[in-house]
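**Q** Protein chains in written order, with the numbering used here: chain E, 17 to 357; chain Y, 366 to 533.
These are computed hints drawn from the structure, not numbers from a lab.
Heads up, a few of these hints could be off.
Sample of chain E residues facing chain Y (criterion: CB under 7 angstroms; computed from the structure) [to be verified]: (1) Met-52; (2) Ser-146; (3) Met-147; (4) Val-149; (5) Ser-172.
Treat the numbers as computed from the prediction; the structure is a model and nothing was measured.
Glycine included, every Cβ here is placed at the ideal spot set by N, Cα and C.
Okay, here's what each chain looks like letter by letter:
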Amino acid sequence: MTGLLVAQIVLTLFVFFMLLNSAAVMVYVERKVAAMIQQRLGPYLVGPKGLLQPLADIVKLMFKEELRPGAADAFLFALAPIISAACAFAAFAVVPFGAETTLFGLLDEPLRLQVADVNVAVLVVFAVASMSVYGIVLAGWSSNSKYSLLGGLRSSAQMISYELSYGLALASVLLLGQSLSLTDIVNAQAGAWWGVLPRWFIFLQPIGFLIYLTAGVAETNRAPFDFPEAEQELVAGYHTEYSSMSFAMFFLAEYVNMVTVSAVATDLFLGGWHGPLLPESLGWIWFLIKVGAILFFYVWMRWTLPRYRYDQLMKFGWKVLLPVAVVNLLVTAAGVLYFGA
Amino acid sequence: MVSFYLFGAIAVLASLLVIGQRNPIYSVLLLIASFGALSGLYVLLQAPFVAVIQIIVYAGAIMVLFLFVVMLLNAPREATEYDERVHPLLRPGPMRFGAVLAVTLIVELWWALTKGRETGEFAAARVDSVGALGRLLFTDYSFPFEVTSVLILVAMVGAVVLARRERS
Chain E
17 MTGLLVAQIV LTLFVFFMLL NSAAVMVYVE RKVAAMIQQR LGPYLVGPKG LLQPLADIVK
77 LMFKEELRPG AADAFLFALA PIISAACAFA AFAVVPFGAE TTLFGLLDEP LRLQVADVNV
137 AVLVVFAVAS MSVYGIVLAG WSSNSKYSLL GGLRSSAQMI SYELSYGLAL ASVLLLGQSL
197 SLTDIVNAQA GAWWGVLPRW FIFLQPIGFL IYLTAGVAET NRAPFDFPEA EQELVAGYHT
257 EYSSMSFAMF FLAEYVNMVT VSAVATDLFL GGWHGPLLPE SLGWIWFLIK VGAILFFYVW
317 MRWTLPRYRY DQLMKFGWKV LLPVAVVNLL VTAAGVLYFG A
Chain Y
366 MVSFYLFGAI AVLASLLVIG QRNPIYSVLL LIASFGALSG LYVLLQAPFV AVIQIIVYAG
426 AIMVLFLFVV MLLNAPREAT EYDERVHPLL RPGPMRFGAV LAVTLIVELW WALTKGRETG
486 EFAAARVDSV GALGRLLFTD YSFPFEVTSV LILVAMVGAV VLARRERS
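For reference, chain Y alone in the conformation it holds in the complex (with noise of 0.2 angstroms):
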């Protein structure tokens, strides 16, 4: 119980100092910092290979992806093209709709919290061996892990869209 509570707050913390952080690199360790703590819950939960493959995934090349984007484009502070001082709701556009978001997340993990309940639903299928782990993802999840595979699909193409300069 000590190291669940103990996981629990670097994972908070270090997810918040991450927004905290002015320089993006900072931003992206405590990012790592939060993803080694959420493996450590993992253990805890006697899931051992999901907790390492939050690990090499997350941890080990998202975010090395990440920090490598964040040193190419050398941006040691984040420019701020706006006063500081004027409420985040009444910037413009864009800010405007990140705030919205913001609200509507504290919302829902405040409904979550106090209505949720523990449906025990998951308990019964033991995750603890790699080829269970597998078999049920291939099998009884298999529709939603279709899914998440075509929605990273939509964001690579999206990127590369994005990415690609008009030729002319």
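This is chain E alone, in the form it adopts within the complex (with noise of 0.2 angstroms):
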């Protein structure tokens, strides 16, 4: 007993660690990526290939001068980032990545590959992602400057409007696991269809995964929906006032949310950690895959796409998006009906 909890807590730890990791490295990878895309370079300079360029940033960040504006309110302006960056870990805190392991027979019992096993952890992400906004308005509205409060605004109009099909995509799945448990649905997802083709929900599902990730695009506020830092008219948007570790907190709960919603994405549509070839014990593996071929989407598709017009994308959000996932929704309630789950 004493020894599974030991194993918890180092899990937890190390999950922590690895989503600080996975944004260092996914700056890495969006700044040669981009380069690739824009036939540059891109950094070469620190490190093998540029390899060191992450961390270089970090201390620059950590050396730079904290700065706040007179008229900012003291206490909301260094809360939000702590918001932001709260929300960003604690949505993983509920994503399994692995089948049960005893790692190697260290462990009498079997140890779950998921920080807290909640029976409605999906409802739990959709709930944080919700609570994410808080720190980007009040980081808006506590600079006290008018692109701030304009990002900010944006950013709240963009995310409620997004959670919606946000959320309906959520169902749609939810009533083909049968289960609010990420486990549970991951677990209905095992095996294959005629021996070759993997029982994966994007193949029941092509419409509701192609609604998540445009919505979860969204609520990350990436390109091309990033309205809530769009250079050209904001400065930087809700972040301009930031400098120094404030600022690379917003920074970091990006990166981490763009993780965590692939990871969500890959739990959901794409079979967790099963897949073909690999033993179950190693099923960790295809996860990561699956995440790092999802985060690689995110970024090709913030250096091909340009950003929407604002108009543009509240009425894609509410006249195309939301009535494709309410009879994407209904179709499924009904072929779940008719079929079974």
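Combine the two chains into a complex, taking the hints into account.
**A** Written out as structure tokens, the structure is:
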């Protein structure tokens, strides 16, 4: 029992550490891929092939001066980046990323590769996503600058609009999985149809997957939906007035949010840690590959698609994405009722 | 039991501070804190689904709209048009009505806490699973459920009528 407890604590710290690392890795990948797409070299001076560039960035951010506008609300100005970063990490707590393991016989009881096994995990992810908007809104308001305020307002409008489609896409998967637990949903996707096609929900829910990805991009404020920080109009949006480590926290939150959205997409639609060839105990390798593929898609999209106009974003969210998500949910419900889960 | 008193204390304290703030933004944030503590109480009652829904609907959706409106109105301080030294019951119209409501609420709360007793009526119907909750809501409690939705619809129609500009 104590062995399991220690393993659980170590696992929690490990996940935290890896999420921090993932942000650093993503910064490097983002810059390198951007350079490839734009036929540049990208970072190449710091370390071999520029691999130490993220470390240099972190050191630079740490030694910058912490600035705060004189008219800002001091308490909320300090609180906002903390809310953003905390929400980003909190959501990953309920994401399972591998089958149960005894660590090659080290433990008596199997350990779940998941920080907390909550039986309403999907809703927890959704709840944390809906709380993360506060970080951005408060940052915008407390900075007492017009660019920040506009960025914060845009962000809240955007997140509220796309949360509906996001929730409906989740609901259609819940109908298929017949459970609110992510572990159960992943386990429902084990095996293959006719021995070839994996039983992933993406094949039953292709439209749901597209809706989830689109809404996920909007939720994480990434291009082509990066209105809260549209440089040409808002300088840097909600974090215009932030510098040094408090800016780094927003930066970190954005990348960790991307990882979380990709990990949840993997669990919901791509069968989590299930995959051919590898044994169940090494399933986390499949998980990493799938998450990596979605993250690459994110970066790829950012450097391929230009930003939408704000009214186009709202029109798309309410008049296209939401109706499609509702119809998708109804068709899924009818299908589940007719064919059984 | 410790966590019950902890969450209870946070909920009560945050709710009291909500009405004690001059800055509406802080009021909204304290209300969110109060909802969070309430959600913790639901978890202690073995109802994780209700707890998460509390966060999603109230803290996540409704309070964002509150914050949105407060930020758009940009009213950092509440303007007081009356003399603050006057007793609330002696202030003009709506404020006197509010004070009467507050007194009524205190009397009701006192009555409920002293004269009320636990009936154990709801203990039998466990609502820990989502399916059970949905079934209860749409069968045994479908009438209150529908009445509540009509009530919200009425409020929405009222808001639209009030906000609409008269066409001359």
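**Q** For every hint, state whether the structure bears it out.
**A** Going down the list of hints, with the structure as the test:
Annotation: E/Met-52 was flagged as interfacial toward chain Y, and the flag is violated, the nearest CB pair being 38 angstroms apart, outside 7 angstroms. For E/Ser-146, the shortest C-beta to C-beta distance to chain Y is roughly 3 angstroms, which falls under 7 angstroms, so the interface hint holds. Against a cut-off of 7 angstroms between C-beta atoms, the interface hint on E/Met-147 holds, since the closest Cβ of chain Y lies about 6 angstroms away. A hinted interface residue such as E/Val-149 counts as satisfied when its beta carbon comes closer than 7 angstroms to some beta carbon of chain Y; here the least separation is about 6 angstroms, so the hint holds.
Among the interface hints, the one on E/Ser-172 holds; its C-beta lies about 6 angstroms from the nearest C-beta in chain Y, closer than the 7 angstroms criterion.
Figure legend: structure checked against the earlier numbered hints; the only hint not met is number 1.
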